[in-house]
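Number of protein chains: 4
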Amino acid sequence: VPPKVIMACVKDFEDYAYKYLPKSALDYYISGSNDEQTVNDNIKAFKRYKIRPRILRDVSNIDTSTTILGYKISFPVCIAPTAMHGLAHDEREIGTCKGAFRAGTAYTLSTIANSSIEEIAESNPNALKFYQLYIFKKDKSVTEELVRRAEEAGYKALFLTVDSPFFGKRIADEKNNFKTPAHLKMANFESLKGYSRDGVSKNSGSGSGLGEYSRRLFSSSVTWQDVIWLKNFTKLPLVLKGILTAEEARKAVEIGVSAIVVSNHGGRQLDGVPASIDALREVVKAVQGSNVEVYLDGGVRLGTDVFKAIALGAKAVFIGRPALFGLAYDGAAGVEKLLNILKEEFNTSMALAGCRNVRELQTEESLVVHESYYSRL
Amino acid sequence: VPPKVIMACVKDFEDYAYKYLPKSALDYYISGSNDEQTVNDNIKAFKRYKIRPRILRDVSNIDTSTTILGYKISFPVCIAPTAMHGLAHDEREIGTCKGAFRAGTAYTLSTIANSSIEEIAESNPNALKFYQLYIFKKDKSVTEELVRRAEEAGYKALFLTVDSPFFGKRIADEKNNFKTPAHLKMANFESLKGYSRDGVSKNSGSGSGLGEYSRRLFSSSVTWQDVIWLKNFTKLPLVLKGILTAEEARKAVEIGVSAIVVSNHGGRQLDGVPASIDALREVVKAVQGSNVEVYLDGGVRLGTDVFKAIALGAKAVFIGRPALFGLAYDGAAGVEKLLNILKEEFNTSMALAGCRNVRELQTEESLVVHESYYSRL
Amino acid sequence: VPPKVIMACVKDFEDYAYKYLPKSALDYYISGSNDEQTVNDNIKAFKRYKIRPRILRDVSNIDTSTTILGYKISFPVCIAPTAMHGLAHDEREIGTCKGAFRAGTAYTLSTIANSSIEEIAESNPNALKFYQLYIFKKDKSVTEELVRRAEEAGYKALFLTVDSPFFGKRIADEKNNFKTPAHLKMANFESLKGYSRDGVSKNSGSGSGLGEYSRRLFSSSVTWQDVIWLKNFTKLPLVLKGILTAEEARKAVEIGVSAIVVSNHGGRQLDGVPASIDALREVVKAVQGSNVEVYLDGGVRLGTDVFKAIALGAKAVFIGRPALFGLAYDGAAGVEKLLNILKEEFNTSMALAGCRNVRELQTEESLVVHESYYSRL
Amino acid sequence: VPPKVIMACVKDFEDYAYKYLPKSALDYYISGSNDEQTVNDNIKAFKRYKIRPRILRDVSNIDTSTTILGYKISFPVCIAPTAMHGLAHDEREIGTCKGAFRAGTAYTLSTIANSSIEEIAESNPNALKFYQLYIFKKDKSVTEELVRRAEEAGYKALFLTVDSPFFGKRIADEKNNFKTPAHLKMANFESLKGYSRDGVSKNSGSGSGLGEYSRRLFSSSVTWQDVIWLKNFTKLPLVLKGILTAEEARKAVEIGVSAIVVSNHGGRQLDGVPASIDALREVVKAVQGSNVEVYLDGGVRLGTDVFKAIALGAKAVFIGRPALFGLAYDGAAGVEKLLNILKEEFNTSMALAGCRNVRELQTEESLVVHESYYSRL
Ligand SMILES: Cc1cc2nc3c(=O)[nH]c(=O)nc-3n(C[C@H](O)[C@H](O)[C@H](O)COP(=O)(O)O)c2cc1C
Ligand SMILES: Cc1cc2nc3c(=O)[nH]c(=O)nc-3n(C[C@H](O)[C@H](O)[C@H](O)COP(=O)(O)O)c2cc1C
Ligand SMILES: Cc1cc2nc3c(=O)[nH]c(=O)nc-3n(C[C@H](O)[C@H](O)[C@H](O)COP(=O)(O)O)c2cc1C
Ligand SMILES: Cc1cc2nc3c(=O)[nH]c(=O)nc-3n(C[C@H](O)[C@H](O)[C@H](O)COP(=O)(O)O)c2cc1C
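Protein chains in written order, with the working numbering: chain G, 295 to 671; chain P, 295 to 671; chain C, 295 to 671; chain V, 295 to 671.
Source of the hints: derived by calculation from the structure; they are not laboratory data.
Check each hint, because a few of them may be wrong.
[Unchecked claim] No more than 25 Å apart at the CA atoms, straight line, and that leaves these computed lysine to aspartate or glutamate pairs for DMTMM-like:
no.: 1; chain 1: V; residue 1: K579; chain 2: C; residue 2: E659
no.: 2; chain 1: G; residue 1: K431; chain 2: P; residue 2: E659
no.: 3; chain 1: V; residue 1: K525; chain 2: C; residue 2: E659
no.: 4; chain 1: P; residue 1: K341; chain 2: G; residue 2: D321
no.: 5; chain 1: V; residue 1: K545; chain 2: C; residue 2: E638
Because the structure is a prediction, the values reported are computed rather than measured.
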């Protein structure tokens, strides 16, 4: 068992994962697609935004809490849906969900998981859980079944991922000939022949098993019509994950979704798209006046990243890889620890910027500006 | 024989070539001129453009095909004319042409080749072939002969390279005292004394043999008048290769050429000119309203590079060095493999950006923007 | 005793400190908070400003002197308040103050010091001394006592630090489990149980002792009302240290403070705020018309940094870390030496820019411009 | 004797000098002042400008020649005045002048030289020679004597250096305790006690001998009045070297100088001023309409650097360090070789940009643009 060293920031968890995860798991987690322009820019882009702090306010009581889709969370950082937590820790998705719950925030389960919808719900009955949906090929029965199961298991929203008609090419996975280890299952598909683990482990012998799986099974013909159908089909609020432009955001508002996640899928789908924090502003402007909530994921690693996203108009942010690193470090406890570090950092950044609650972040004028602000003066 | 490792992207072919090509051949292929500002910027510049993807469209059927000069190609990537394929592989230009044909796209033969116009045509009768022309000194007979031979051999267009009154200085070639190996011939000039291989191998003993050759034999007095003459002389559509400004593009439209290649010759001629993707936009704007097609070459290495160039107004792009790396890897099969990887990457980028055919790339508003778009918001 | 090598610039003192200070002391001095974006940008930002020199003026007599709050100083560089000089040299704050005095400039004592208000005053009766205040929790008695003691000891101004309701997170300190060594005391609090050294050395066993101390003892509820109270309570001119925006600067002017320090606490508080030289200009513009003086600290390492700050509207600048490096090098003599090097560099930059006195720096048109000036031409 | 390797570009001479010059000589030559921001930016700035080439012009006859102050030179690159050529090669300034003459261009002699005004003139009677003046302290007799000697020896212009009331601080020289070796003299001052070599070799024991020399002997009170006096005193055209702003350029035009050198003294005087190519444009604009010629020096290393400067309005450029590297490589022959390489590069860049003579460079619209041109499209 590797030693548990002092953890002071998200980077420490990342370093830990780099050191102790098996190469093919680590590569699967960290890779972006193709040239990795976007995955790298996601991180760097945050540094291009500057905080203009307010001072001399009573910040002895900072309230980091906010709501997401009406549900209270302890701070505006939730867990993004990521596949295959079994590669990080035996506690799998169950552990991640538990960590999020203990830290007072929401967890989003990916369709591609090593724990099932029901397992997670049973182990974490009181956790705030969302369900992320990929739409599968052929008739709609698979989708319908997944949605109903999520509803019944008490998940509170459906996140439809709209940037993935199939998976982007991640070079390392191709070279590692990535497939799921024998002991891990596609937990949501145990009964569904062809959709199960076999679908991932039995690949054509070269390239990424998951890439192949997505191309064989995901529907790549999903349209706005299907979204309308889904919205009517489910009782749950519908969230579109993976919007990067004002044009598409406006359409989402039109058809009445509950929320949008500005996301480039952690730089794993279309490489060369803008960093999410860069894309955020045009989306926020586009939905103004509606009551559609805007979230962001991609590159959030610091309390100040959270601060910047919220100040630029996001209602909450999601973390993908950091949660996996937390899980790898120490299961549920690791996820909780990481979230609490982020919460404390966010709290500190609020206090030091003179913002006592999340509302103030959202209403202060020019609290966060693009660095070009300073070259235009 | 070096091992054929997993090839997942163009970079893998480049790495292979760096490892296995003899130094002087590799240097000849990769060098830019002088300080290599432009050859490096060609690559970096693509990363300054960002894709703004469309979502929720039925992308189950992506059609990557398009036309070039009216001829159908499987995707908008053709082979740029590059000299001396014999340095890469015994199959020489014949192999490159075959690889392009198998991948469903066009091949452009350089005047400076180790296979002749006729050899290539005979081995690849059904391939879509273009012929690239350098104009030689003295009377026009050499030029006339080359043009007629290309016409008769079934080449479908003449690419006149307009950025090379003689070759730029490539430092590595100077230091390597570069000359063509004894077993390679200047295949198009076997009968023409002085223009043949001897012209390249017998240099003054220092510097680049090819540089010297070009200064001794190329005409550096070609003008727009000569282009008009050539246009009238040949039955083939005339394409000007090497335009980087709106001013010159407008002149090309005026005299009625069929197409323009925005190109800086892979950074091998005038160093310090803009990256081709940077220059593309002013050229596209300048020809608007005419039916002159605009192509681009220089720095294309990724499916998203192709995507960006097409979205910014190019009808097709050409690859120079990548084709040489493909050839070095495995002859015709290597070229085909590389092209198919690029095609698949382009296909993926279209799907993930919600574009079902090339026409949509060309008509979507602000599909690709310069990164400064995000600092101006 | 480490050798005293040739010292030609501030960087040389920094190199010396890096080599000879114990790791935990060095880390404490050099760290910025969190990701260290701001501490690094403080340095880099100065290089983004360019001096447009005047020529052919009689610069045989350069007068670098200026005033701060009406007091004459030999050049516009003073010592910023920094904690714990005992970690650098046995002469502690007494040495730093002496060095500043000998170089003809002002010294600012931090509340968190290893020499007391009175000790320093007794050893340096004629030095120009300012006192920096942190406001402590509970009733105002601690604050009142500190202010009265500073007044009585002959300090000439109160610097209220407004960016620190508690300390930022400095990762290295967390990992070093930083605490004050046994032989060093919190000299201003010897009588005050809980505020003394014990408060810092007895931490919860993990993390930074000073971080914890600040959270336990500093008041984080200080507001503009308290500033007004303080202004009325003290006979001394009141300076607000840690303003980065026009909005807050205008408020400071309104309530009638004497001066403002544009500062991000050397990148140790809120990470991700602008470099101080970037923030300077909007603050200068905001106070225009008032008689509030504007100072700057953060990243000043060169005579030209001083020049740029003054030309952009600062009345004086302060140095934090450099003074600590000077002290580490050779006590008071080291501080004096370092200040004299900076003075000579500033003198030189004035002469070479054709400015004979500080007034000219402040009045010449466009003497210093942002680098973007040259891309807009 | 070190081997004479293949020399293909200026960088090769630089590499040679780095390898074979004694450290203190090399340091003296290459250093910039202080933080070396400007000396580095001089080089990098050229890469920020892009050439927009013209094509299809008859470039079989390129005329690189131009005039400077009415004198014909073979191409617009002259030798800038630099001190102490004896550190590079036994041929000293005599060799440098000879190299320039053989390459068909002008040589500028520094006041601080190891060969005298007369020696150089006698060895190079037909060379086009300019004389660079520093004005010395006390009465004007030293200056008057130097000017008369230059006139009599056939120098064709006076370059008054206006950026050096004394020398900037070059850290390496300080640390090397730089002084002139015993065998080298201050050749122009053999009769003048105190101004001679002794003045440089006998320094206070620390720091740069030359820095001290300049502070002790140069006049730092030279003003525009003195320039007017000098203009009237000499029969020679007067050139001001070291102007970086439109304001000062306009004054130079007013008092009727013949030419201006946009120069930051190779980054050796005031650090933090703009790169010379950045400053060029505002100076060119400021003198428009007058017949004052504008030159540039600083960072010219490539034929395309020359091209860019001329296209942006310079009548000629000067090289400082490259000439020293050429001299170090092989005396006069090395200087000639280096100049011929630059000439050939310039010739090539003209041909490849479609410019047949220098006049065309100066009149073509937008031939060279700042890189920001491409982000504004
Ligand atoms: C290993 C991994 C697996 C992922 N799996 C999914 C998934 O199954 N469904 C989905 O919508 N997004 C998936 N994502 C994208 C995340 O939801 C999220 O957009 C991204 O990780 C955010 O970027 P970050 O990792 O920089 O925080 C995955 C991301 C990673 C890194
Ligand atoms: C080794 C090499 C040889 C070339 N030879 C020719 C040639 O003979 N004729 C020509 O018009 N362009 C020639 N080019 C330029 C290419 O047609 C093309 O403009 C360039 O390679 C595109 O850049 P890329 O290599 O980054 O794709 C050559 C380029 C290379 C790299
Ligand atoms: C080690 C250290 C301790 C500091 N302690 C204090 C302090 O006690 N009070 C305060 O107002 N600022 C403090 N500062 C901030 C400085 O006053 C000043 O803002 C900063 O050091 C300026 O940046 P510079 O170090 O780049 O010059 C401290 C800074 C450092 C580096
Ligand atoms: C070693 C050295 C000595 C110099 N000496 C003088 C000098 O005596 N007089 C002068 O006006 N400029 C002097 N200069 C500045 C040059 O004239 C010129 O401005 C500068 O070298 C141009 O930059 P470059 O070296 O990048 O070409 C000197 C420069 C160097 C590098």
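Going through the hints against the structure:
1. For a cut-off of 25 Å, the pair hint linking K579 of chain V to E659 of chain C stands: about 18 Å separates their Cα positions.
2. The hinted pair formed by K431 of chain G and E659 of chain P fails the criterion: a straight-line CA distance of about 30 Å is larger than 25 Å.
3. Our distance criterion of 25 Å between C-alpha atoms is broken by K525 of chain V and E659 of chain C, whose separation comes to about 28 Å.
4. Our distance criterion of 25 Å between C-alpha atoms is met by K341 of chain P and D321 of chain G, whose separation comes to about 23 Å.
5. Among the hinted pairs, K545 of chain V with E638 of chain C is inconsistent with the structure: their alpha-carbon atoms are about 29 Å apart, more than 25 Å.
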